[in-house]
Amino acid sequence: MAQATARHILVASEAQCNELKTQIEGGADFAELAKAHSSCPSSRQGGDLGTFGPGQMVKAFDEVVFSAPVNTVQGPVKTQFGYLLEVTSRKD
532 MAQATARHIL VASEAQCNEL KTQIEGGADF AELAKAHSSC PSSRQGGDLG
582 TFGPGQMVKA FDEVVFSAPV NTVQGPVKTQ FGYLLEVTSR KD
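Residue numbers for the sequence shown follow this note's numbering, so the first one is 532 and each next one is one higher.
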């Protein structure tokens, strides 16, 4: 069964998502931005969501995690919770 690890920064607006994504692409540390800006409890771990399989996350998130290139920041990915994510590993 496929497995992935991912981390995210949960923010309320697409504009904030895009600003953080620009900062990360410019060299800012994803984990530090997650700690400073994410509204998810995972922010304490730099946004790390651990390992999970298909169907364990909300649909929009799941679709990106199991199709996007690894180690690239994806977003805005809108879910009912918020916006930004990065797939950190995947095993098919």
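Just to be clear, a hint being listed does not mean it is correct.
[Said to hold, decoys possible] Restricting the straight-line Cα-Cα distance to at most 27 Å, the calculated cross-link-like pairs of lysine-lysine (DSSO-like) are: (1) Lys-622 with Lys-590; (2) Lys-566 with Lys-609; (3) Lys-590 with Lys-566; (4) Lys-622 with Lys-609; (5) Lys-609 with Lys-590.
If you are wondering where the hints come from, they were derived from the structure by calculation, not from laboratory data.
Non-conforming hints, listed in increasing numerical order: The structure conflicts with no hint, since it agrees with every one listed earlier.
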